[in-house]
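Chemist: Hey, can you work out the whole structure from these sequences and the hints?
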Amino acid sequence: MRPVAEARDLALAAGAHARAAGRLLVSEKDQVKAVHLARRHIKRARSLLRALRPLAKASVERENGFLRACAHTLAPLRDAHALEEAARAVGAAGPGA
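Throughout the sequence shown, residue numbering follows our numbering, covering 4 to 100 in sequence.
The set of hints was computed from the structure by calculation and includes no laboratory data.
Just to be clear, a hint being listed does not mean it is correct.
What the hints assert, rightly or not - Calculated pairs, EDC-like style, for lysine to aspartate or glutamate (alpha carbon to alpha carbon, straight line, at most 20 Å): (1) 60 <-> 9; (2) 36 <-> 66; (3) 32 <-> 87; (4) 36 <-> 88; (5) 46 <-> 31; (6) 46 <-> 82; (7) 46 <-> 66; (8) 32 <-> 82; (9) 36 <-> 87; (10) 46 <-> 87; (11) 60 <-> 12; (12) 36 <-> 64.
Modeler: Printed below as a string of structure tokens:
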């Protein structure tokens, strides 16, 4: 495959993952699932963008920064769920466990 075609395919795939993350956050009824899957899509998009860095450093850094900010926005929701699960596990173990 030609390098230009490979770069285009990587960019398209990164965009598809970013759009999928956004769609999940809007449409998925289960907020915990939506956050988890959206974060996975963002990670994949950022990974694909890193492969493009040698070809378009400024653009990749701009888009990567945007996706990183999106992921950071979701982190408190993920953390709250993890804390809730940990509290349930401790509560289920009972006193003195």
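Chemist: In ascending order, which of the hints set out earlier in this document are inconsistent with the structure?
Modeler: 2, 10, 12
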